[in-house]
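Chemist: The whole structure should be built from the sequences, with the hints applied where relevant.
Protein chains in written order, with UniProt numbering: chain A, 1 to 291; chain B, 1 to 376.
If you are wondering where the hints come from, they were derived from the structure by calculation, not from laboratory data.
It is possible that some hints are incorrect.
A few chain A residues that face chain B, going by a derived Cβ cut-off under 8 Å, partial list only [claimed, not checked]:
# : residue
1 : Ala10
2 : Leu212
3 : Val220
The beta carbon of each residue, even a glycine, is placed where N, CA and C say it ideally should be.
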Amino acid sequence: MSNLFDLLVAGLATGAIYALVAVGFTLLWQTSQTINFAQGEFVMLPAFLMLAAMHAGAPFWLAIILGILLSMILLGLGFKLLLVDPMMRHGVLPLAIATMALAIGLKEAVKQFFSAEASPFPSIVPTGDISILGHAVSLQSIGVLVVAIVAVFGLTALLNRTSLGHQMQAAAQNPTVARIIGVPVERMILLTFLINAFLVALASLLITPIYLAKFSSGEVLGQAAFIAAIVGGFNQVRGAIAGGLLIGVLDNLAAAYVSTQYRAAVPMIFLIAVILFRPQGLLGRAEERTV
Amino acid sequence: MKSTLLAGALLAFATATSVHAQAIKLANVAELSGGGATVGTNWKNGIDLAIEEINAKGGVLGRKLEVSHADSQSNPGVARAQVQKALDAEPYVLLGPGYSGSVKVTAPLAAEAGIAQIMGGEAAELTQAGNKFLFRTSFGQQSSMPKVAKYIHDEMKAKTVAVVWVNNDFGRGGRDVVVKELDRLGSKVVADLSTEAGQADFAADVGKIKAANPDAVFVYLNEEESARILKELKRQGVTAPLMGETTLIGQKVIELAGDAANGARGHVGLTTDAPVDLIKAFREKFSKKYNYVPDHNGLKGYLAVYMVKATTEKMGKVDPKKFADTLHGLTIKAADEPGILMDVTFSDTGDIDRQSFLVEVVEGKQVVKQVLPKVK
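Modeler: Below you can see the structure in the form of structure tokens.
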């Protein structure tokens, strides 16, 4: 039983990171019909930007700020202007393929300029345990969960409670009408790219101390987050959150109770079941577009 | 005058050819470039150092040693071609390669030529194929794992053990031997966990270890995965002592895992940090000659040449055909042949038995805690 509790906590912590990445998937899809297959590499890269800043002599806190800012410039602004905008005109599929190419490019670039070997990455949460309901739970797991939850709640509040959020929703639901009523649609779309870049940088900061900084570490993450987004509902932020947590827990339980070899297959089987029986996702709504 | 000159020239030629004929020719094929360049360069430098020493003291049975070096480019295909070329020159003994994969494809060539091959590979299967000409310079898994099991049972006093291994040839090979040995000694394997190469998330595996609550954990993964599981073990507060091989306590693992590596123990066959005077002296000589501290591959190359010397002196003649037979079952004592550094015995399969070291990570540094005696 205590094993199950440990597995749930670890699964939720990993799932919270999947959720951050999956939310980015849905945001980009909602506002610009971009399916970003480089999303996993987007999580890998900020850690290396932070490491580069630290190598240049910056303290950890400054490296984090620089890493997040650089990520927002490169993976937010740069990604939209240099890849999405020119490719968008040719349709969803060429854009999706272009993001796959970007994924390969990012991996190879990191391998070339950094190293093919893994590097250690400091943790923002100190190691240690606290006791919850008589169970020792690691501070790192709690820290990851708390940061991810705060980020997701912050995002939901921004979308639902502020004028900016309402404008973003309007731009996503009906860009033509939104334009007529004076919503700066282009700026709103750019904003979602910046938010996505911020979320992946945050995910990078949380996951890299556990997974280590390595050029290939985005592969698993990108896939898990993609599955999470579809399972939860590609057109709902809350669906992506639920999907992320669910896949995180499912992955850990599968590794423990099925087998390590088949752990990756279990979320896939679940994905197939969802697509067959509830194609809009667990929390998604058919034929509806909203953020 | 003319005839004197001619006679002198003839004499010089005769002397030169006789010296040439007298030299014992060795051939080395190693990873001098490519991914294994560190391995091969250390190995080559070790060989050169040993030959220089031996020749300075008059050679072997009064004859000098000579070696040719060829580059396998860390590629088994190239290694095979280079070994074929080296064998065509009919060397006394073939040295190298260092990579198990390259050894695997070249060993049949040397065996066919009837030339003994002293190599650096460590995969268990290399000496299990019935090759009568292949010799190790370091432990194969079948030699190191029994020592690991014995340490877990005798020193850690573990009645229950969790075994975590990586699901590939390397991991499965080590796992099979250690589980068999633990079983023989009476330590119960309460968790037998296979993990994937490149696995990032070890939360579930460590959860299982925690649930099994073993007296000790044996970890047999590659370096990066070792670092990840060490971090996860610490994160989930597993306090059982951790035991592994070189891959658990290597410098790269310590760098990646940080303080999570502290306290981890590992069995190491050869290390230049060993508390053995002859090894310390070797390290000093090597560092002085090449301006860097050698790794265990430098030791292996050095030992390979001294294996040739000791075996030849045992035979009392230079006979390539009898070399392998003589080395099988041979015990070389460091007291008789200081170049061998530690007493060593060769089995009929070309495996070695030698003392080895128990290393613990203390405050981010490898510390040799104990010298583990020869098995027999």
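Chemist: So, for every hint listed, does it hold in this structure?
Modeler: Hint-by-hint comparison with the structure:
Hint status for Ala10 of chain A relative to chain B: holds, with the closest Cβ pair at about 4 Å, below 8 Å. For the restraint placing Leu212 of chain A at the interface with chain B, the shortest Cβ-Cβ distance is roughly 6 Å, inside the 8 Å limit, so the hint holds. The interface hint given for Val220 of chain A holds, since its Cβ lies 6 Å from the closest Cβ of chain B, which is under the 8 Å cut-off.
When each numbered hint is compared with the structure, no violation occurs for any of them.
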